[in-house]
Amino acid sequence: GNSVTQMEGPVTLSEEAFLTINCTYTATGYPSLFWYVQYPGEGLQLLLKATKADDKGSNKGFEATYRKETTSFHLEKGSVQVSDSAVYFCALSAYNNNDMRFGAGTRLTVKP
Amino acid sequence: DSGVTQTPKHLITATGQRVTLRCSPRSGDLSVYWYQQSLDQGLQFLIQYYNGEERAKGNILERFSAQQFPDLHSELNLSSLELGDSALYFCASSTGTSTANEQFFGPGTRLTVL
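Top to bottom, those sequences are chains A and B.
Heads up, the first sequence is in the numbering used here, so the first residue is 1 and it goes up one at a time.
Heads up, the second sequence is in the numbering used here, so the first residue is 1 and it goes up one at a time.
No lab work stands behind these hints: they were computed from the structure.
One thing to keep in mind: the hints can contain errors.
As the list claims (entries may be wrong) - Some residues of chain B that are not near chain A, with every Cβ distance over 12 Å (derived):
| hint | residue |
| --- | --- |
| 1 | K57 |
| 2 | F64 |
| 3 | N101 |
| 4 | V113 |
Said to hold, decoys possible - Below, computed lysine-lysine pairings styled on BS3-like, alpha-carbon distance capped at 30 Å:
| hint | chain 1 | residue 1 | chain 2 | residue 2 |
| --- | --- | --- | --- | --- |
| 5 | A | K111 | A | K56 |
| 6 | A | K77 | A | K111 |
| 7 | A | K52 | A | K68 |
| 8 | B | K9 | A | K52 |
| 9 | A | K68 | B | K9 |
| 10 | A | K56 | A | K77 |
Just so you know, these numbers come straight off a predicted model, no measurement behind them.
Positions of the beta carbon are idealized from the N, C-alpha and C atoms, including for glycine.
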């Protein structure tokens, strides 16, 4: 079946450090891929998405590229801020049905 | 503020009971999704409704049911509650039928089963 695996946290970084959160997926066909972010006490918000191979999603300095050959969608940011502290979820939506799968989430803490 | 509202914010009940969670989608959104977030299972998709009709089913237990009303608000009914049903329940909405569309999440209802 469809599934998403993302790196376990928590991840703790200093402000202005480089961030990578790994995400790999298993799916039939060509799913859409997402990164959602959950700030403390809130619901999830879409951070970025990509709908086909080699697409790059980007938002607020975050980027992720849809790599079909490695079935990956790693999240990166060149310089993190304290305000980026949150839980990040990688997710997929299967192309032929509405099966939505989320990874376990990675908690990021950025220290000043 | 996503525009999605959920009530109640917190709910505490006992095993064997039944509860109803309510969700109002963003204005203009026809799809409503329900999710369960727990420490051991993570975030799981339960069910989707589109314009009053069930559209997709995920890992929803038979003890759980949902519906979407003509005014597009949705209710998730949980019955014969067990300790393991304690979780955060999110509702999300989107414009179209596909989960590939951006979903807007509500703040959640925290259910505690004692």
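### Task
Of all the hints given earlier, name the ones this structure violates by number, lowest first.
1, 3, 8 and 9
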